[in-house]
Every structure is written in structure tokens, then in C-alpha cells.
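Colleague: Sequence order for the protein chains is C and G. Residue 292 in my numbering is what sits at position 292 of the first sequence, and the numbering runs on without skipping anything. Residue 376 in my numbering is what sits at position 376 of the second sequence, and the numbering runs on without skipping anything.
To be clear, the hints were calculated from the coordinates, so they are not data collected in a lab. Treat the hints loosely; a few may be bogus.
In silico SDA-like pairs for lysine to any residue, Cα to Cα no more than 20 Å straight-line [to be verified]:
{"no.": "1", "chain 1": "G", "residue 1": "K147", "chain 2": "G", "residue 2": "E162"}
{"no.": "2", "chain 1": "G", "residue 1": "K285", "chain 2": "C", "residue 2": "Y162"}
{"no.": "3", "chain 1": "G", "residue 1": "K210", "chain 2": "C", "residue 2": "A97"}
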Amino acid sequence: MASSPRLRAVLFRVLQAIPVVIGVVVISFLLTRALPGDPAVYFAGVAADEASIEQTRVAMGLDKPLIQQFFVYAGDLLRGDLGQSLSSGRPVATDLANRLPASLELTLSAFVIAISIAVPLGVLAATRPGTWVDHLCRLLVTAGVSLPTFFTGIVLIYVFYYHLGVAPSPLGRLDFIYLSPDHVTGFYLIDAAIAGDWETWWGAAKQLMLPAVTLALFTLAPIARMTRAAMLSALSSDFIRTARAAGLSNGRVLYGYAFRNALLPVVTTLGMVFSFALGANVLVEKVFAWPGIGSYAVEALVVSDYAAVQGFVLAMALLFVALNLAIDLLYTVIDPRIGFEAQ
Amino acid sequence: MTDATSRRDFLKMSMAGASVLPFLRSLPASAAGSDTIVVVTGQTINSLDLHRSGTSRASYQVGVNCYDRLVSFGTKEAIGGGFSYDYTVIEPELADSWEESEDGLTLTFKLKSNAKFWDGRKVTAEDVKWSFDRAVSVGGFPSVQMKAGGLVRPDQFIAQDEETFIIKLDRASKLTLPDLAVPVPYIMNSVEAKANATAEDPWALEYLHKTPAGSGAYKVARWQPGEQLVYERNDDWVGGPMPAIKRVVIREVPSPATRRALIERGDVQMAFGIPDKDAAELVDKVDVFSTPVENCIHCLCPNFAFEPFQDPDVRKAIAYAVPYEDIFQAAAYGRGLPLYGGETEITDIAWPRKTQYYTDLDKAKEHMAKSAHAGGFDVTMSISLDLASWMEPTALLVQEALGKIGINVTIDKIPGANWRTAVLVEKRLDLHLENFGGWLNTPDYYFFWAYKDGHLFNSSNYRNEEIEELVDSSLHMPMDDPEYAPKIKRMFEIALEELPRIPLYQPALNVAANGVEGYEFWFHRQLDVRPVKVS
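Build out the structure end to end from the sequences listed, making use of the hints.
Modeller: Written out as C-alpha cells, the structure reads:
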């Protein structure tokens, strides 16, 4: 396939995303306003009286009519200004730039761990149904879905940090004795590697281990399950029988034909799992004091910090648009039969 | 702040040198803590400027540790271990001395002549005036708190000469001097602030929000909101005894279970504000300070807007039905002080005081039978989800107990963001729990906020003409005035007879320490790191 139709297709998909983003902006604006609670009362402080609440309301621009507030917000947004978070006291864009990489680093690491365990496990379970591998797969899957992440997190801390003392203090992204590497991507592992500071890199990697494993245990289940099912159905299909009858080697049949065909549903699952892993982050972030975007959004929501909630929703929407695009592109790589023309 | 401190400078700050840093963890806690300690807390520091609207309570500690006030409070031994601030003793901080005029309307402060801001400039009366002007002008909480001490207008503050600062009062009040020792009226470097002020922001709220400019015991070396704040000692501090610890790292750890694991392992030296349950269970393992919060009471409030609660017998029936001891154990795990089963006769003016009520279902039923609602009624009891750790067990116990005297309670859980509006501003919750605590530790101050009609914490819509008069006349009266004690006793008598608020217990602030000592409780319920030292 030539690169220009693909490029055009990508551009078309990006254009398609624009109404979605506009919709998200409008809905997130309305929904935050519909939240019960009065941010002016909250931010005026504990001992505030009527007058100081009113002062706070004016300072926050909440005394204006809703439609005017929306246009002020939309105007700022067009200039790239996501507004000022009241609870953190900093621009929302800065907060997101600091916290989104933390969440993504955690989620992606968890993802890498989950995929590298779940996919081989699923394949093995499918090729050896009824054996101990299959049972192990089933056990892991059941445990992964049924154990809530905050519980797994606390258990892991209890065992590996509190009892065995092998894990570092669950104090966030870096122990206090290290300094965060200079901000390039916001991913500590990458930034430390760029700076060539391997001591900090190792410090960040150690901190990442337990929360990533916690999250991986949770995401592992659907991936392993889906790999197993997709492999089973691929292995029982006609073209595999043909391939075997033609005397192709076992490895070629398994990985060249069955696995490649099984990949499509697995990739679809990955996209879904990634999105709910970002959601499940919140609990892991709380337990491991991880300064990520999930805990930021929850705190903002609790205090009705409009700008921060809207910024979070918008960032997530953009992230999902990008994610879906990436997955669609991945489809065409995996299966040449799927072209962009078809969509 | 983070931009100003380069990685290299920060590492240089360590006396041990950068090469030793990564090995600190492998040393025993005491060695690690000789110049650095780590404190974990569940709260978020969201600003370095207390005067800004939206600044969280946890941020007040920056005002305490990084700024000086004119005066401070003394220190005393605390109930529950450790130390506490002493409301009755006012000590100098930036002021060297002060005097009050005959009529009590003029306060004259002499500033310490060797006090310097971090940038090396001398602290002058102009700085004090600018800072006070700011506190009364920015509105919101700082202005409300200043008003409690009778400080409302910039023209009340006069910088007479470089080291002399004068406050003119409209009326003499015993609350003025203590109000100068609360975190709000701290002194900022006005020259630095003005250099960074703009026409829209004359008080440099934007600048000081991220860059403190003070003269206090600690500077902020690093601040990452949502993660950590690092204090670095100011070796030129003259506001009090030089702190023992060079660097204090405040780490935010939202999960109480994680905080507990950290303090038990000794990887952090202090866990600030731990739950009552953890405090009760950690007592044998680490040092736990559970200091009853002064002038603070957890109350059950029957709202007078709800018709059956206008009947005094119904309120008394509730007061006798409440299972105080069970609540104290289940909600507070025995931390704090119980407030039931005291003498009816009021002989002193200590507040909070034990009420004359105790759990006695027969008495409760008697009162219920005497009331106009002998047949019982339905009521909704509201609690805040943010405060569920103590409100939920309390509400369940109250629900069960009131069921026995025919009051059918339904529990309504209100999200934290709505709670304040519902309970304090609209005052619309029929039966609810409330936990006001006054910063200024006098009973009249508590009554001013919690029992006067229309005032914020009077969530029961209570109004009593005599209380109104007693609070107004005693609020500014010196406590050694012969009329003061009788007025206060009368106030107690009425409030405990009429029961618009049924005191349950006095809560505690719990702090666990592992390897440090010198912790001091403050009414603002934030950590003062200045007196902390390695044990």
C-alpha cells in the first residue's frame, strides 16, 4: 500500500475526531456544572462568611451566566489555555504535563509486563488445553479479575516491602534521596536514560516495580483469556487443518498462521484493556503514592475543581482518539486484508 | 522554586555529599535522620501562600515553618504525650517586645533588630504593615481570621519607624494578641513581593503562591504539588531556638495503609495525621501522640428547623439515648477525650467540658414520653462521606440507639463537596454530625461561631437571646475580668440544658514518630517542624 493513501486516511481519521472532541468539551463543561456542590463555598475556606464566599465566587468567575462561562472557557481553550486548577493552584496544562506521563509510564510498564506474560500463557494454554499450563492460566485469570487492585497493591507492599524488605519504600515515583531527572518526556525511565543517570534510572525502576506488577495482574486476565480463546478458534479453523495436511512445521502453523490470525481480537482487547487500566490506575496510585492523573482527577472531582476535571476529560478524550487510531493502523499491519479504503 | 534549585545545588546542600546520598537508606533510621527527616502525610499542599483563596489546610504549615509572625505561643506538656502550644503564654517571634496602651486600644511592637529575610534584607515595620494590609484586604479566610482579632482595615496598622509597628484597635479585645500568633498574619518580604506584583495582582498572590519570601526557620527547597515539599533550614533565623534538623521532606502518601507500613518500618520518621484506628494499634510499636484538639468537639446536632427537635424533651431524650462510650470506642478508638457523665453543676470555665448526660435508656424513654412526640417520628441523619471514618460508625450507633426510643433514623451520606453547603451554609440537615474547632482557645470564641444565630457553625439554627447577649459581651472581655467567669458558666448552663449541639467526644490529632522527638501539637493541626529533633 502506498504511503499517501494511508496518510490521507490518517488525516481523515483525525478530522473525524474533531466533532468528538467538541462534543467532549461541551459535555464535560455541562457535567462539571451539574455536579452537586458549590466550589466557591469550598474554596472560600473553613471559616468563610457570606461576603467572603461571594468574593471567591466573583474571583472564580462563577457569578457570570453559564453560557458566558462556556464562551470564556472555549475561548481560552482555543488559545491552548486549559485554565487554572484551583486545588493545585497551577495551570491545568502544567499539572497534566506533570501527571499524565507518570500514569502513562505506570500503565505502559504494567502493559508490557502483562502482555509478555499473558500472550505466551494464552498461546500455551490454547495449544495444551487441559494441562497444568491451562490450569495455571485459568487460576491467574480468575485471581487477576477477582482481586481488586488496591488489595493486590497492599498485599504486595505487605509482603515485599514490610516483611521481606526487598521492595523500596512505596513513596511514589522516586525515593526522596534521588532527584527527578530533567524533564524531557516526563517518563522518568526515559529521562534518566537520556541524562545518562543510571543510578536514578534504577531508583525509578525499583519504585515502578510493585505498582506495575499490581496493575499488570489486573490487566493480565482479559489479555490471557482473549489470547487463549482466539488461539483456540484459530487452531480449529479450516486453514490450519489445510496447513497441517500440507505438512508445514508445527512452529510455522502455530506462529505463522494461527497466532497471526488470533492477533486481531487480541489487539482489540488490548485497546480496551489499556483504557480501563488507565481508570484502574486511581486505586494503584493511591496505594503507592503515585502522582498520576487518576488521583488528580478524583481529587479535582471531589472539590468541584471545574478546570481540572475538564482538562482531564479532554486529555483522556484526545488520548483515546490517538489510541484508536494506533490500533486501527495496527490492524492494517497485522492483516493486509483490512485497508483504510474499507473504512 | 524547583527551577531555582538546580540538581547540583541541591546535592551540595547535603553535608554528607552527593556520593553518600544513595546509601542513606541502608543506614539505620537514626543515622539517616541526623540531618534529614522524612514526614508522610495524606494531605496535599497546594499553595505556599495561605492568603490565596483555595489554599488547602495542609498548606498552612508553610505559613508556620517558613514565615514568622510578630508573636508566637509558648509550649507546655500535652495530654496524650509530647508537647502542645500554650494558649496562655505569648512569646516573641519577630517582635522583640510589645506594650499595650492604658485603654488597650494601641499595641506597640518593637521588632528584633537582627531579623533578616532570606534575601538578607532587614525585616522592617513597613514589611509588617504591608503583610497585615494584605491579610485584611485579600478577602476570604485570611480576612475573616484577622477580623476575629479586631483587625479589619489597613489604616489600623502604622509603621512608625523602621523597628516600631503600631496597631490601633476600635475596641480592646483579649483575642487580638492571640490572633497575631495564628498562621494568618505572617510577615512577608514586601520589597520582593512588590517587585513581583502587577496592576491586576497588587498583593503578588501569583508570585508568593509559588515562591515564599519570608524570614522563617525553613525555606522551601523544592515543591512538587501532589508529591513532596522539601524544607531547608534557614541558618540565620532569629525567631526562636535554631531547629535541629537541616532538611525536612514532606511526602504525600494518600493511602493510610502505606503510611502505616512506612512508619512501622522506620523508613520515614513521622506520619502526620494518622487515622484513630492506626494510632490505637501502633501505640506499642512506635511513638504515638494523640493530642485532644483544643476547643474542638464532635457533636450530634438536632436542627431546630425540624419541628420535633424544637421540643426540649426530645433533645434530652436523644442526649440520654446516645451510646457515648460505644461511639468513643468505635469511632475514635479511644483516642481523644470522652465528654459525657460530668457534673451538672458548672464550677469552672474549661471548654470542652464533660456534659451531665450519660447513656440511660430509661431516662431517655421518660423524656420521650413527656414530649409532644411520644409516639416517635422519622428523621434523616446526614453524614459527610469525606468524614466517614468517624461519622459512619457514630451514625450507625446513634441510629440503633434512637430506634429504641421510637425515633426512626434513616442515614443519608452526602458527598464531601456538598457537605459544607448543606450543613453550614444552608443549615438544612435535620439531624447531623458536626465537628467545629476554634483556633482561638476561649469558650466565648467557640460559642461565637457555634451557638450564635446565623453564624457559620451553628448548623442547628439555634437562637437564644441570652446566649446572644452573653457571647457579645464576653467575646472581647479579658478572661480575668470578674464578670467573665459567671457569664461563661451561664453560657455553658444554657447550651447544655437546651442542647442544640449534643457533645459526643473531643477528637484527637494523631501523629506517629519513629526516631524523632519534640513533636508539638498546634491548634492549626499542621506540623510545626521547628521543634522536631532526632532522638
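Colleague: Check the hint pairing K210 of chain G with A97 of chain C against an upper bound of 20 Å on the C-alpha distance.
Modeller: With a Cα-Cα distance of about 18 Å, the restraint between K210 of chain G and A97 of chain C holds, given a limit of 20 Å.
Colleague: Check whether the Cα positions of K285 of chain G and Y162 of chain C lie no farther apart than 20 Å.
Modeller: Answer holds: K285 of chain G to Y162 of chain C is near 14 Å, not above 20 Å.
Colleague: Please verify whether K147 of chain G and E162 of chain G have alpha carbons no more than 20 Å apart.
Modeller: 26 Å, violated
Violation of the numbered hints given earlier is confined to hint 1; every other hint is satisfied by the structure.
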